[in-house]
Structures are given as structure tokens and as C-alpha cells.
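Engineer: Respectively, the protein sequence lines represent chains D and W.
Taking my numbering, the leading residue of the first sequence gets 1, the next gets one more, and so forth.
Taking my numbering, the leading residue of the second sequence gets 1, the next gets one more, and so forth.
No lab work stands behind these hints, which were simulated from the structure alone.
Some hints here could point you the wrong way.
With a Cα cut of at most 25 Å, we get these calculated SDA-like pairs of lysine to any residue [what the hints assert, rightly or not]:
| # | chain 1 | residue 1 | chain 2 | residue 2 |
| --- | --- | --- | --- | --- |
| 1 | D | LYS88 | W | ALA82 |
| 2 | D | LYS52 | W | LEU77 |
| 3 | D | LYS93 | W | GLY84 |
| 4 | W | LYS501 | D | GLN61 |
| 5 | W | LYS104 | D | ASP97 |
| 6 | D | LYS124 | W | LYS111 |
| 7 | W | LYS69 | D | HIS54 |
| 8 | W | LYS33 | D | PRO116 |
| 9 | W | LYS207 | W | ASN231 |
| 10 | W | LYS371 | W | LEU395 |
What you are looking at is a predicted structure, and each value in this text was computed from that prediction instead of being measured.
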Amino acid sequence: MVEVLAAVLILAIVVTAVLTSISFSQRTILSESTQGDAAAQAQNLADTLISKLHGQTTDEQAKEAADSITDAEMVDDFSNFPSSDHTKQFTFKMISDGDAAASGTVTGYAIKVAVPYTDSTGSKWIQMTAFAAIDG
Amino acid sequence: MKTGSKRGTALAYVIVITAALLILAAALISTAKFNLDASQNSLESRQAYLDAKSAIEYGRAYLSLNPEKADTSFTILRDGSALGFKIGASGAANYVAKYDKDEKAINAAAKYKSSDRVRRLGYQYAMTQEPPTQAGNNTNFLLCGSYYGTKSVINVWYPSIEADQSSDYPVIVMLTAHIDDKTNNLRSLTAPELYFMDSGTAIGGYKTSVGQLKTDFIYVAGDITGQDYRNQISESGNNTSLILKTKTQDKGIIYFAKDCQFIVSGNQLNPDGSGSRTILMNKGFYSYRDGTDLYGITEANKSTLFTKIQSDLPTFVNSDKIKFIQDNLNNLYYGDNIWSPNSALWEGHGALSKGSPSNVDGGRGFSLGDKLVYLYVNSCADWGNAFTKWDQPQLAVYMAKEINLRYVSGADFTVPANKTVVFKADRISLSTEYSDTVVGTGTNRPMITHSGNSAYFILEAQNETNSVDLSIPNDIMVQYKSNTGITQSYTIKAGSYSVIKLNLFSDDAKTFFTTHTPTNPSGGSGSGTGGSGDVDLTSGVYTDGQ
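So here's chain W without its partners, still in its complex pose (with noise of 0.2 Å):
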């Protein structure tokens, strides 16, 4: 064999080339397949993506329009059109997403069409401030007349403190409340805060009468006046006592609004043997304790029962409502149509029906156009009774210059089909809940709707060119039917707004509800203590949903 021949080293070259060029096209064609994978995968992850987030979408809306399912878990299925979605069960298969009633979330997992892997999107809903507290609610709403609901306090007429009453409400007695049963039985009044406004004589007192007043805070106008015609000291039975007792605290706060009087008859009351005793309260705030009675005081005693108070007031006395009530003492009117001085006629005993509206049957004879109405009602029932006038069946106008509306009820507050109930107020305040005593949390509480197809409730101001400053202590829902018979619904969120001429059974309502933040979002006076709240179904964030 012939050494150093190079025959072959062709073929040798060409063998080497080929598997080089083999190598490259195999390693071209694995990345064009890489990419024909990746750019599928990329295609039907947007797709699921867009499925995590439509059912995300039905889940929000699902929530908005039932929030009483807030406290359940569920899941959301795709429907038979492959279009829409559909509640399941919190356990079901196959779901798109489901909402974790813990977490006040809804996670979707979105499935790619031809594997099993899946696109995952979350959304989180915000979480709401603590609502306010019962009292802070609840002193919100002034008790100005003789009633709430079928609930008697107190005679406007002849105020007389008798057995066991009780307000859940601050009372405001316009004229001298009378401790004057002749029993010698206990006459008690229990309430948040009271108010005696009567200037001359706040609180009269007869001699063999036993009185309680319960509460935190006590406004005194005036004089208080009582009786001691005993004939030993020691002799029960022919003197009046009226005894203080504290409602929540250890000390309650008693105001006198002017130098005041405690004036005692009697016949053996001074150290000379003569009658009448009287004292002086200097005007000011002053603590008392629990079990002083008003008709003991003496000058030797009174110091030490009453304490001034020199720095700040405790927060459970709101000194901006005072100014308030004492500005706007001659203006406060309550809705019943008991007839009485400061009675607006609008509602009997909590039932609209048995009232009339300011447009109907000409009036009342007065105007309420500078009145501040306290308007509380526990049933719409045959509502549709007060829209009367002859000329103009439709319309129900309630005017004046502020309108406070406290609903309590088991049902929801409904304007009748087809009425229009307009609230003509330069102030209003909306508030409904199913308890004097509860406060409902979220929306847990009445909503505002109307029964029928249709139905107007429009607030706007005594010029409806301007503004009506909106009061909402507690969130409320609204729901009604779209021109297109729709049921829609939306919250109005606790907090003040300025609004101009609205319905709130309108698409504009809606609009301006779920696009307005509310100034003093708290709620008004309501002592919010802040912390975790309630799920706020009208915020959250979109989250990565793992």
C-alpha cells in the first residue's frame, strides 16, 4: 500500500461538512419549534388571562349586586355558552375562579386550551373603616317630638316624666318636664343624652313624686324647681327626689346653660325653720356621680356632688351639638303628625302613610322652609295613601330647609311604583337601619328602592339650582330598575357630598355615587374607632392571584 496518498480526503471533508451542516439545520429547526411552542403558549395564555379577568369581572359584580354573599364562599364557573359565567358551589370543579370569603378575594385560575397549565389572576377587595358606634350613630338623630315610631317618650304638650321611658335617641324637652305623680312610685326617663330647654323652669318637681334620669349628659335650661313639705326630716313620702344615674359611664356630664337655680319649697327646709331652700349652679359643665339626687343639694353638699369641670370635655359630649341644638332650638321639628308646636305632620307613629307631604292638601298652613326636620319612619307601607292631591297624584314634595331621615325597619325603604318622592332640603340626611339599637355593618341594612318598573326619589335643594349638602352616617344601598328594566344597584358611601338636583333611582345617581369620594367619610358626628372593618365591595386591587 502506497503511504501519503490522499485519495479519500475528499469524501473524509465532505463527511465532516455534512455533519456540520446536519448539527446547524437540526439545531434551526428545534428553534423554530421552540418558537412555534412559546408563541402558542403565548396565544392561549392570553386568552386565559382574559378568562381570569372576565370572571373576576362577573365575581365583582356578582358580589355588588348580593353583598350579603360577602360572608360566603363561592366559586364561578363558565356557563353553557361558553360566553358568560355562573355561581357554584365553594367546592365545585372546573372553576375559573373562586371567592374566598376569609380572604375577601377572588383568585382566578384560568385553564390554556391545550395543556393544563393555568393563567392566575387575584383581585383583593379593600376593606371598609370600623362603622361608627351605636352611640355615635345613634345620637346622630334627635328626638325632638312626643314619639319615635309607636314608641311614646314624652308629651310635647305637657312633658311628665312617667313610669320606665326611654329613648334610644337624645330627647330634647322644649318645655319644663314635670316630675308630678303623686304615687310615690319611681318615674324614670333613660336616654343617651337630654336636653331641658326650658328657660324659665327646666325640671319641676312635686312633692311626693320619685324621679330617675338616666343617661350620660343632661343639658339644663333653667330653673329646677321641687318640693319638701315634710314635717321631720327624717319622714319619707312628701319631698321629691330626682335621682341621676349614669347610662354608659362612671361619671355623666351635666350642663347648665345659664346660672341656675335649685329652688326646694318646703316648710322646714333652713336651719331658721323656714321653708324654701334655694341654691345656685353656676353656669358651666360639671361631672356628677352615679345616685345624686337634684333635690338633695345643698350648699354644703354641692361641691362635692358636682365637680366642675375646668379642662377639656370627655369625648362622649359633643359640644358642637350643643351650640347646634341651642342655635337651632326654635327650628327643630319631628315628623308624626301629632299636632303640636314643632311637628312637621309628615308621618304617624313611623308610618308614612299616615302623613301627609308638604305639596298635599295645601299645606299644613305654615312653612318648614327655615325648619330642621327630624323625620323618623319604620314603615313605607301603603305609602302611596300620602300621595293625595287631586291635581298632582304622582308627586310627594317633603320641604325644608334640612330634612333628617332615621328609617328602622325590617323591610327595605320603597317609594311606591310610578310616585315621585322628592326630599326639598338644603341639608338631608339619609340613614336606615333594621335596629334603633344595632348598627348593621357594610349594607347590611334597609335599602332604598322603589317597587314597580319606576319610581323617582329626588333630593334637591329649596332652590333646586343649588347644592344639597348630603348626609350619610352608614353606608346605604340603592336599587332600582334602568330605563331598560334592568335591575341595577349601587352604595352610597358613608360621608358627606354636595349634590345638585338628583335621582337616586338613575343611572346618574350611580354614575355619581361609585365615581364621588365622600368628604368626612366617618359619617358625620359618628365616632368611628377605625381598625378592620367590612368588605368594601366597591374597591380592591387586581392582584397576581397565587
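So that you can see chain D by itself, here it is in the shape it has in the complex (with noise of 0.2 Å):
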């Protein structure tokens, strides 16, 4: 009788466990495959920023191209960035390695993309970072 307890307990703990390790490679898989796809997406972004912004002279010119983008959000604030809404968005501001003015002076565009995605312990961000010549 003490036998069959303790076989039965033995297995009621290792069934536990078991349980419990199902469970918790599939959320981490499930996890990693959202969170890879929004990687994804944002390389994506950033790809198509980079030849969006490349040639665009001006502000207003790098806006009117990156407004073609559809499926994300078009920040201004560079600095607070992503926004706290839970969209999939992107940012940009110029920049230059020197004078601006000078010539032989590199200028373009520093983007910034975010996508959200959801795991098992919440909301989180993927973001990346590229860069965008004017000239080249």
C-alpha cells in the first residue's frame, strides 16, 4: 500500500512538472515568435525609411516621402521616442558629421523605428535605429 502511494505521488509531482515545462517553453516560444516577427517588421521600416529619406533635401521633403508609409505612425518628438501609443512607429531628424554648410559634409537622416508585441508578461518594444544619406 505505501508502495502504490508513493508511486502515485512520485508521478503526480513529475506530471506537475512536466505540465509546468510545457507551458513554459511554449510561452517562451510563442514569445520569441512575436517578438521575431516584430523585429521583422521593423527592419522592414527601417529599410524602407532609408529609401524613402535618401535624396530628400529638405524636412519637408523627408515628411511628404516617409507620409506614404501606411502602416505606422509618423512621430515628431526624436527625443521621446517611441510615444506612448502602442503603435508601430517611426522618427527621423536630420543630421550632419560637421558644418552643414561645408562642403564635402555628409547630412542625412537619423531614423528610428519601433514595433510593439505581446508576451506572457506584457507589452514591449522592439526598436532599431538606421541612417539615411541625402546624397550618394
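The task is to assemble the complex, starting from two chains supplied on their own in separate frames and drawing on the hints.
Structural biologist: Given below as C-alpha cells:
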């Protein structure tokens, strides 16, 4: 009788442990899957922005070009990015590697993109950065 | 001990099942861990890819703005902000990408954030075709006046071949070319091509003159006259001689545009002792030997000295150009301000400041609307002085049917600050070089630019709604400041374009010339030979960066 009780107890413990590990593994895999999907979206968005902003000589032209991206929100505040809206978004600002008026100075756009995703612990961001040059 | 008892069997089963379940759980956890790592790698790999591509973007822009750096290897590093980049020395560590001057490629190797792995990406520049040869390039421009720059070649009013004259460009002599120096000293004219266009007497020599024409092609529109007043044929000093020398070929080509006479006046030239000798050369192309004396031609030796060309012309003879000159002879003008029947008065010995645009000071009293102007310039310094019309101080319009600008200088072709220069013509050719004789490679030649923060250089047709046929013999770089004060530049690739009223110092022009492929990309009549040439900083392909 003791033997049966011991067997049942062991089995219960082991089954519980296995079920827990299955549950953990499932959550982990699902979570990484959504993170990977968000990363792919972020890279794709940054890649698109590099193409769109390349050659745009003014902020106005750049914003006009970026306006054609419809599946992400354009955010103006480069410093406080991403914004509180939990949506796929991007921002950019013109930067220069020196005196912007000087000959031979490279000017372009620093780009930030953010794509939200949700895992078992809540909402998170995938953020990526890129650079698009005006010349070249 | 009782045999066959089943006591303890359940525990054995439990142990086996437990072991199996534990193995399964371990496998699941391992799989989850693997996924976690892979996903993290994926995230870092994607950012590394963007870093690599961004570094290449930066490098391409840097080379576009500094094309002279294409022959120097360098690295591309992260700047302090981690948002942009900066240029480093070729051996710098921690680079994101490096440019290889030999391979003409930017190869990026962006590191992952949390490991030493790198994501590679490359950009291989295309190579341009070899630039047109010097001869082909120079022969696009025609010297139809006395000067190019400060170099005097031949007086348009009384063309006279003097001592050691030469031109790097084909020379067109509208009136009779005289060889009448009376000193028996050599008088010579050297040029890639010589066109003697007076259909009456193309060349006239005096009895004590010694002339020499050194060229590979001669066009003779009229008769050639000379004198021989020697008392004895062995005597020297009282006859005319005109020696033909080839410049780069074994044999030169001479074209008689009509049945031409070689008339040599004298007193003992004929067998019967009479004076003059007249030899007829039928219209056509002939080859001549180096050293042929035009005044030594007789019926007996003319077929030996000149060989009529029955088949195709050699490649250095451009029959289209010959026809062009024939058709437009009366409309060929040059830019210099020396008053002559065919001067546009736009510059003085190559200095634009010493000429007046078409719209200044009420013009010059005649229209150039049907003229083809060959404008040689070697100085834009003080060009602002040309903008003198009191009521339009900012505007200078150069108007003609065709404007062919040849700018040769160590300085850039620079429009003065806040001025507007208009080339108003149905066909415009723009050519810049550092030297008359050396063709630059790639964009290694003077830029078209402006001083100050703003200026306009407008190309438009005489009827501004029509398009301009724009010809660019060799790549030219244009640099300007945009409305936001940022220096912009672009390259006009060699070839032909059709443009409608375009300001070269504008983003519109930059967009046009970076998105349009020219027709006839060899640059017009230049004779490019193909093969590997210079790096083309405007095009290339992404590679795996290995």
C-alpha cells in the first residue's frame, strides 16, 4: 500500500513538473515568435525609410516622402521615442557630420523605428535605428 | 523469499515513466532555450544589417560629395551620438565599414550587440567607360576666331601664318591664309585639323616665304596660290614653299572641296620658259605623305604625292563634322571681344569679366539668334563685372542658336553670388577641363558652382517652352547650396540630354540628372575606346560584403 502511495505521489509530482515545463516552453516559444515577427517588421520599416528618405534635401520633403508609409505612425518627437501610443511608429531627424554648410559634409537622417509586441509578461517594444543619406 | 511476487513493480514503472517524462521536459526546455537564443540572434542580426546598410549609405554620400577620395581607402566609424557616422583612417579599428580604393567597394561588417558575430553587406561601385581620347575631346571644340584664352593663333582679319603658331583645337580660317613673311624663316601652324574655308583663294604664298602646316586633316575650299621667281631652278630664296607635316598619323588627309587649282606664278616654271604653272586637283579626299610641298606639285608628281581615297575614310576624319562646318560656316562665331565679323564679344581673351552678355548694354547691334557660338573661357574671376545693365543688375543672358562652352582652368566655373546667368540656346554644350591637352578622369575637372549662398545658372531654349539639346562631352560635377543652406552636388554624366528650362543650381536639376540616363553616353563625337575606366560614383550594386 505504501508502495502505491509513493508511486502515485511521485507520478503526480513529475507530471506537474512536466506540465509546468511544457507551459513555460510554449509561452517562451510563442513570445519569441511574436518578438521575431516584430523585429522583422521593424527592419522592414527601417529599410523602407532608408529608401524613402535618401535624396530628400529638406525636412519637408522627407516628411512628404515618409507620408506614403501607411502602416506605421510618423512621430515628431525624436527625443521621446517611442511615444506612449502602443502602435508601430517611426521618427527621424536631419543630422550632419560637421558643418552642414561646408562642402563635402555628409548630411542625412537618423531614423528610429519601434514595433510593439506582446508576450506573457506584457507589452514590449522592438526598437531599431538606421541612417539615410541625402547624397550618394 | 517468495518467487513470482509483483510487489515493487509499480515503483519500477513509475521510475521508468518519470525518467521518460523528465527527458521530455528537458527536451522542451532545451527547445525553448534554443528559440530564445535564435530570436535574440535574429533581433541583433537585423539591427546589424541596418547598421551595415546605414554605414554604406554614409560612405556612398561621402564619396559622392568628395569624389577625389575615390582613390583613397578609408573606414567608416560610428560617431559619438551612435546615430551617425564619421570617416576614419584606413587602418582604424572598430570600423563598421571600409572603402577599398582598389576594389572600388564599400564592405560593411556590423557587429552584433551581445556577441562577436558580424553581419556583412557590401556595395560595389560600377565602373565608367574610358573617357574620350584627348583628340576626340578636343576636336569637339572649334577655333573659329583669333584666340582661345590668351593664346593667339591666327588673325581673323588678315589671316597670316606666323612663326610657330599652334592650336590644341581645330582651326577654321574663314579668309585667305597668307604666307607672306619675307625673311625665308619658317612660319608654321599646328593643329589637330585645319580648315581653309575661303572658296576663292584658300592659301596664298609670297615668293620668299617658307610655310609649314602640321596636322592630320586639311580642308581646302579654294585655290592655292604661290610664287616662284627663281632665275635658276637650283636657286633658293625666291620661291614659296608650304610643307605638309602629319601630326599623329603616318599619312594625313587633305580634302579639296571643289576642283582646286595650284597656281604658282613665276618666270621660268614651264618647259617653254613661260611663267606660271597651274595644276588641277579634282574634288575629293586624298592622303598625303609627311613632308609634301604644296608648291612643288607638278603634273608629273601629283599622283605620287597625293593618293585619292576611293574607299572608307580613316577614323580620324569625321565626315559629319566636315558637313556641319560646311553647312554652318557663315554662322560660326567665337566668344572673344576682338571685333570681327564673327565675334560674339562675350569674353576677352578667355575672361568673362571682359565681355558683355547678349542682354547687357543694349546688346551689340546684331542678333546671335541663328549663330553657333564657340565660347572659350579660362577665367570667371570678376565675372560680376559683366552684369552691368543698370536695370537688371542681377541677370546676364547669353543668347544664340547654339552655345558651346569650353572652360579650361585650375579654378571652378563659378557664377557670382546672387547673380543669374542664362544660357539661352537651342543647343548647349558644356565642357570643363583643367588643361587644354589633358582630359580629366571621372569628375576630376573643374566643377560648375557658384559663390555665396545663392545663384542661378539657367539653361533654356530660345523659346523657353521648347527643350534644349544639352551635350556633355565628359562628366561634370555641379555643386550648389540648397534653400536650406546645405551644400549639394551631383554629376552630369557624359552624353546628351533634352532639358526644358532648368536651373543647374537646384534640387530639380539634381533630381533630373541623377534619374535620367543620357543618350549617346560616350559624350557626343568623342571617340571613346571602352574598357575599364573610372569608378562611377553614381551607381553600383549591393553585394554580400564578403
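Engineer: Now tell me if each hint is right for this structure.
Structural biologist: Evaluation of the provided hints:
Our distance criterion of 25 Å between C-alpha atoms is met by D/LYS88 and W/ALA82, whose separation comes to about 23 Å. Restraint check: the Cα-Cα separation between D/LYS52 and W/LEU77 comes to about 24 Å, which is no more than 25 Å; the hinted pair holds. For the given pair, D/LYS93 sits about 11 Å from W/GLY84 by alpha-carbon distance, which is consistent with the 25 Å threshold. For the given pair, W/LYS501 sits about 22 Å from D/GLN61 by alpha-carbon distance, which is consistent with the 25 Å threshold.
Using a Cα cut-off of 25 Å, the hinted pair W/LYS104 and D/ASP97 holds, with the two alpha carbons roughly 23 Å apart. With a C-alpha separation of about 24 Å, the suggested pairing of D/LYS124 with W/LYS111 holds against the 25 Å cut-off. Taking the CA atoms of W/LYS69 and D/HIS54, the gap is about 21 Å. The hint holds against a cut of 25 Å. With a C-alpha separation of about 22 Å, the suggested pair W/LYS33 and D/PRO116 falls inside the 25 Å cut-off, and the hint holds.
With a C-alpha separation of about 12 Å, the suggested pairing of W/LYS207 with W/ASN231 holds against the 25 Å cut-off. Between W/LYS371 and W/LEU395, the direct Cα distance comes to roughly 21 Å. Compliance with the 25 Å bound is thereby established for this hinted pair.
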